[in-house]
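Going line by line, the protein sequences match chains A and B.
The numbering used here puts the last residue of the first sequence at 182; the count rises by one with no breaks.
The numbering used here puts the last residue of the second sequence at 1323; the count rises by one with no breaks.
Simulated from the structure, these hints should not be mistaken for laboratory data.
No experiment lies behind these values; they were computed from the predicted model shown.
Incorrect hints may have been included.
[As the list claims (entries may be wrong)] Taking lysine-lysine and the BS3-like style, the derived pairs with C-alpha atoms no more than 25 Å apart in a straight line are:
hint : chain 1 : residue 1 : chain 2 : residue 2
1    : A       : Lys63     : B       : Lys1271
2    : B       : Lys1016   : B       : Lys1030
3    : B       : Lys1282   : A       : Lys55
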Amino acid sequence: MKPIAVLHEGNDKSSLDNKLIKGLIDYLKLDAEQVDFYGMGVKSNFFKSNYIAYKALKQPVEKGQITRIFFVIDADNDFEKTQNQLESIIKELNIETISSFYIMCHPDTKKGYVESFILSTIPKDKMDCIDKFLECSGFIANNGDKSTYERIYKSIAHPLSPYKFDHENFNELKTKLENLFI
Amino acid sequence: MTAPTTAHFLTDIEIKEFKCFKDFKASGFKRVNLIGGKNNIGKTALLEAIYIHVSSKTVNAMITAIYNVKFDRESLNTLYHYYPILDHKKILDFTKSYASKSNLINTEYFVIENDATKTYQINIGDKLISIDSNVLSITFEHIPNVKLIDNFGWADGGIISAYTAIQRHEQENELNAFVQEFDSSIDAFKVMANKPQCKTNGEYRDITEFGDGLKHYISIICALYACENGYLFIDEIDNGIYYDHLDRLWEIIFTLSKKTNCQIFATTHSKEMLESFARVAKKSDEQDISYTLLVKDKQQEIKTISFDYEMLDYSIAQEHEVR
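Isolated chain A (complex conformation) (with noise of 0.2 Å):
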């Protein structure tokens, strides 16, 4: 078993959440080895004590086999409800010892989902030509989804460089990631 656990939105490894702390591991040359991730589907399921996630990883970290859980969730419309409910199941699970999160959001808005993280790191001036882009296409106004938000940041503002790892918007997470390994 490995003794790192990372849970995150999706089911499995084609989901963002996943290739993004992948990279960010790789990026780190922290030992991916080490890390097992846990698709946890929808939103959800994170408050959901008795989600097959929690259920397989109960017994791991009860016979100290997984000794870090680190929740990886998107803030959507309410960064302190997310961590309310996260905080609250960690505390119900009692895993408050060995669990740390990050909340994917828009770090100046606190709003949004991982997509929009990763929008933060791009110059002002690419932004500013997306969030023109968008408000012209009526994406925003026509809830596009997440995915072209991905599609748009990979092709349109870092087409050589899918992440732009040394931005200082990664910093709080790569710290994270860092202490997991520790």
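Starting from the structure of chain A, add chain B where the hints point.
Below, chain B alone, put in the same frame as chain A:
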């Protein structure tokens, strides 16, 4: 006629003072149970402990089971005369202690040596007896529907004995069909002249002339019938079996163990075998399964992580390291 019950199935067990187990607990066992873990962590020892436990119907049967697990491990040494004289008591005395408690029964076995005396203390279901070493006469009593296939596989005698169950159930044709699936060049399996033989190109040849995988495969199928309403233990189940046949082997085990009401305990360290187990269970919606992973905690004590069908399915789908 009433349907066979699963009341004899072991669901949980505590093992004390046996080999690597000081104070060990395992639970969540179902009809088909796979046991995994790193090398030398105690997979085979757990298999042996459960084998002794469910064999302990009588004092003689318990002694026979304790003897068997040591004898099986020493069989090659015996064959090559590292034991000049086959001393049954000496083989039995390798095991000094064994205690187990389950949903079925409590059993204990201790060899107590004081000064110049040696006593065997045996407790089965809270009936304690003491036997002075000088008067102990080992009388082998094998429980017919409890069988252990060790990692070397069965010798001819084991296969011949189990094959009688195939004959009793008139399942020779089914066995032949399974064998043909395994190797299309083999037409049939039979015991002739007291030797297990396979027919190929119109001629019967000793099974020893074929690969170990075929012998292992036939042993398992015969044993599934021989262990009707009992227990089958298979150490390193994937031994000699090509990966292409793993799914089919599990399909056969799931189907026949249900048909014969047999509880299975098998060990593996193979990722392919574990993935095949989970894959076939999902495909056939076979939920009466468990996977027990043996691990060591910080104090180096052996613990278990028990996966039921749902947990195993999730962990395999997430590509977790669960060997």
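Discussion item. Of all the hints numbered above, which does this structure not satisfy? Sort the numbers upward.
Written reply: Per hint list: zero violations.
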